[in-house]
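Student: In case you want the letters, here they are:
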Amino acid sequence: DAGVTQSPTHLIKTRGQHVTLRCSPISGHKSVSWYQQVLGQGPQFIFQYYEKEERGRGNFPDRFSARQFPNYSSELNVNALLLGDSALYLCASSLGTGLIDTQYFGPGTRLTVL
Amino acid sequence: KQEVTQIPAALSVPEGENLVLNCSFTDSAIYNLQWFRQDPGKGLTSLLLIQSSQREQTSGRLNASLDKSSGRSTLYIAASQPGDSATYLCAVQEDDMRFGAGTRLTVKP
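Just so you know, the sequences run in chain order U and F. Numbered per the numbering used here, the first sequence spans residues 29 to 142. Numbered per the numbering used here, the second sequence spans residues 79 to 187.
Errors might be hidden in some of the hints.
[Unchecked claim] Below are the DMTMM-like pairs computed for lysine to aspartate or glutamate, each with C-alpha atoms no more than 20 Å apart in a straight line:
(1) U:K58 / F:D173
(2) U:K58 / F:E172
(3) F:K186 / F:D105
(4) F:K146 / F:E134
(5) F:K146 / U:D129
(6) U:K41 / U:E103
[As the list claims (entries may be wrong)] Pairwise CB distance ranges (calculated):
(7) U:G31 / F:E172: 19 to 29 Å
(8) F:E134 / U:G31: 24 to 34 Å
(9) F:G161 / U:V66: 24 to 34 Å
(10) F:N96 / U:N105: 45 to 55 Å
(11) F:K186 / U:R85: 39 to 49 Å
(12) U:R43 / F:A156: 25 to 35 Å
(13) F:A157 / U:R43: 31 to 41 Å
(14) F:S90 / U:P89: 35 to 45 Å
(15) U:L142 / F:Y154: 42 to 52 Å
(16) F:Q129 / U:N99: 25 to 35 Å
[As the list claims (entries may be wrong)] Not the full set, but computed from the structure, chain U residues with beta-carbon under 7 Å of chain F:
(17) P71
(18) F133
(19) P135
(20) G136
Worth flagging that the hints you see were computed from the coordinates, not collected in a lab. Ideal Cβ positions, reconstructed from N, Cα and C, are used throughout, including at glycine.
Isolated chain U (complex conformation) (with noise of 0.2 Å):
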C-alpha cells in the first residue's frame, strides 16, 4: 500500500512569492496534519483536517492556510513567503482524529526561501 505522499519534493522560492504544498493520505485515512520542521528542531504543528473541516490550528500567522479535498488530500498554501518559513514540511494522516491512533508522515517536502 502506498504511504504518504507529498509534493513537490524540493521548492526554492523567493520572499514574497506564494508557495502551494500537496498531500496525498494513505488510502482510508480521513484526517490530515501539517508540520512545520526547521532545522535542528523538531516539528510544529500547523494545521489538521478531519473530513474536510478544519480541526486545529496552530501559532502560526494567517499568511498560512491549507484546505482538504473531497478525496481527504489537502494543500498548505504560505503567501508572503519570508526567509523564516525556509524549512522541510511535513504532512500526516490518521485514520481518525488522530487522537488515539498513529499518525503517518510522508517524506515531506523541503522549501528554501531565498
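Fit chain F to the known structure of chain U by using the hints.
Tutor: Frame of chain U; chain F shown alone:
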C-alpha cells in the same frame, strides 16, 4: 503550555550496546505518546505508540515506557546496530501533537 524535552541531544555508542533515550513532558493530560525515527532530511517513521492508559509497548529490539504521573517516557534500544543511527523524536498528543527536539543517535561499528 505543553513542553516536551529530550535528553540527551546527541548520543554516540559502540555497536552492540543497550541504550536509553529520555523524553519528559510538562502536562500529563495527554491522549498518547509516540516515538519516531527520522533519517537526515527525511520524513518521520513511527516506531511505537503508547496510549495514555498503557505503561509500555514493545516492537522487536525497541521498548518504550510511559509514566504519565511523572511526565516521562523512555525508549530502550537493545543491541544497537549502525543502522539504528538516526534522530529519535518523541511526541505527545493533546488536541495537537507536540514534539521534542530529538536525540541524535550515532552507533559506531
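Student: Which of the listed hints are not met by the structure?
Tutor: Hints 3, 12 and 13 contradicted; others consistent.
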